[in-house]
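**Q** With the hints as your guide, set chain B onto chain A.
Number of protein chains: 2
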Amino acid sequence: MSLTVVGSIAFDSVRTPFGARERMLGGSAVHFALAARFFTHVHVVGPVGKDFDDEHVELLRSRGVNVDDIERVPGGETFSWRGHYEADLNVAHTDDTQLGVFADFEPKLSEASQNADVLFLANIQPDLQRRVRAQCAAARLAALDSMNLWIETTRDALIGALGEVDCAMLNDAEVRMLTEEPNLARAARALMEMGPRIVVAKRGEYGAVLFSEDGFFALPGFLLEDVRDPTGAGDSFAGGFLGYLDMQGTDQPADAALRRAMAYGTVLASFNVEEFGTERIAALTEDEVSERYEQLRSMTHFELSD
Amino acid sequence: MSLTVVGSIAFDSVRTPFGARERMLGGSAVHFALAARFFTHVHVVGPVGKDFDDEHVELLRSRGVNVDDIERVPGGETFSWRGHYEADLNVAHTDDTQLGVFADFEPKLSEASQNADVLFLANIQPDLQRRVRAQCAAARLAALDSMNLWIETTRDALIGALGEVDCAMLNDAEVRMLTEEPNLARAARALMEMGPRIVVAKRGEYGAVLFSEDGFFALPGFLLEDVRDPTGAGDSFAGGFLGYLDMQGTDQPADAALRRAMAYGTVLASFNVEEFGTERIAALTEDEVSERYEQLRSMTHFELSD
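Chains as they are written, first to last, in our numbering: chain A, 1 to 306; chain B, 1001 to 1306.
Rather than coming from a laboratory, the hints here were simulated on the basis of the structure.
Just so you know, even glycine gets a beta-carbon here, dropped at the ideal spot from N, CA and C.
Careful, some of the hints might be misleading.
As the list claims (entries may be wrong) - Pair by pair, the computed Cβ-Cβ distance ranges are: (1) B:T1250 x A:D95: 52 to 60 Å; (2) B:I1159 x A:E71: 56 to 64 Å; (3) B:D1095 x A:A254: 48 to 56 Å; (4) A:E291 x B:D1104: 52 to 60 Å.
To be verified - Stretch by stretch, here's where chain B covers chain A in the computed footprint (C-beta under 8 Å, at least three residues): (5) 172–185; (6) 210–218; (7) 222–234; (8) 254–264.
Stated by the list, open to error - Covered by chain B, according to a simulated footprint, are these stretches of chain A (three or more residues, beta-carbon under 8 Å): (9) 199–207; (10) 290–297.
Next up, chain A with everything else stripped away, as it sits in the complex:
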């Protein structure tokens, strides 16, 4: 089993009602990899600039993440994002985005990355996603994330990419926007007609819904008393979800496995938001993951009768 993720490796500067941080290690591929590492061997594909310290690469490597395809672009600047959140942490604002080395990124995957069993195309330009997808023809499960920007500006390319993956992992608002259908259940069905046989609609603190040929499954978010920074929660969710599915070692995960994958996604996302950036998940232990997984079941379980 092995899993390749392509996406951003970034410096994030974030302000929330609970503090602020400058140029933290972040990016979709980083958040994803640090969550998925609990389940499988993860290969990270993405570019960084001359300003990217070895200590960041070392952090990933020391957590068991394969960093061979992190490409250092001479003279370039690492992708950076600056944003802040309102008192209601569901409301995020982007203050600045510097593409840096991502502007001219042309992914060249090593053989090991190309041969991964599971592929996650994090939120990058859909044509780039398609070129990576073509290099990983053997992946038995391919998933993608996207965002409103690509729905608005490169809709056709995104629909093309969706036709080439097994699973779409989007925010619920993006599922509605892409399909122009205000009802989520209908929107997810319309999205499945574009290609993916699995749709995961992420709902922020309210949890996530899974749609598949077996019907649907919904989980609330894990209830937390301390939420400091939601950045990367969706990627940590995807890391838990796809990491667990890769560990199952089948290209047709059963409904029960998909449900447990949703639960692991929820658990990893919940750790992500407890501290700024990758602070919490980089320090996380397997025991903590197992414990919260059981707490999540206890928090959502009811018996039909006495």
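**A** What follows is chain B alone, placed relative to chain A:
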């Protein structure tokens, strides 16, 4: 077992993207009673005007609801509400409210209503809630709903009312607003320090969270392909929740019973929104309730391992 609800009996005029209706039977006490009737004997307390047709009273009576304390005020006008919803049905707008006979309502409960085992104080002025609470001293479980208007204008009275009930059932935004605490888990704990040992935070289509001395329990909303009118969903939830608890016949419902009550609340709310006003719930059968209750468990259940 028996349950008394005091609240509005109303004419609702509603417009949603799926249609419009004029002067439908509505109001919090009506929506609540039509949901709770599946579990227990419900007494409705509230005033109506000269414009309230016998057919509406007959509809409630024919569904097993006790209407002896529906007070017809000679010459008065029934409470009426006019509102509309955006394409995103989570966004509601009130266009007009006519208090009518509710402006001078002074509840006088019959002995049967006073002797109820469970009491629900639907969303009315908190001083009114307290006067009803005082008349139902024997109730072993008393719950209340409220709204942003009372939090803003009669906060002290509302806090007084909260000190006299066992259970608060509010929207999550109201729990946060009342306690001035943006985190829901902390806000619910602060609310419990005001009196209630049970807090239910309703989250619209995203479901609801239960807080009690046993911890917390969360359910997503039941996923529907057809949602036509959300009006009254919160009251239908409360009706399912408290109706089921009354049926248990204990003043200290166990955690497992509270969880099932949450599930029945979710089920009744889901039927409420499928058609305008009371159309769906007035025509609902016990079999449909049982079937969806099982579907809800199936939709939210996962096993820890193979």
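**Q** Now tell me if each hint is right for this structure.
**A** Comparing the hints with the structure gives:
no. : hint                         : result
1   : B:T1250 x A:D95: 52 to 60 Å  : holds, 54 Å
2   : B:I1159 x A:E71: 56 to 64 Å  : holds, 60 Å
3   : B:D1095 x A:A254: 48 to 56 Å : holds, 50 Å
4   : A:E291 x B:D1104: 52 to 60 Å : holds, 57 Å
5   : 172–185                      : holds (count 4)
6   : 210–218                      : holds (count 4)
7   : 222–234                      : holds (count 5)
8   : 254–264                      : holds (count 5)
9   : 199–207                      : holds (count 3)
10  : 290–297                      : holds (count 3)
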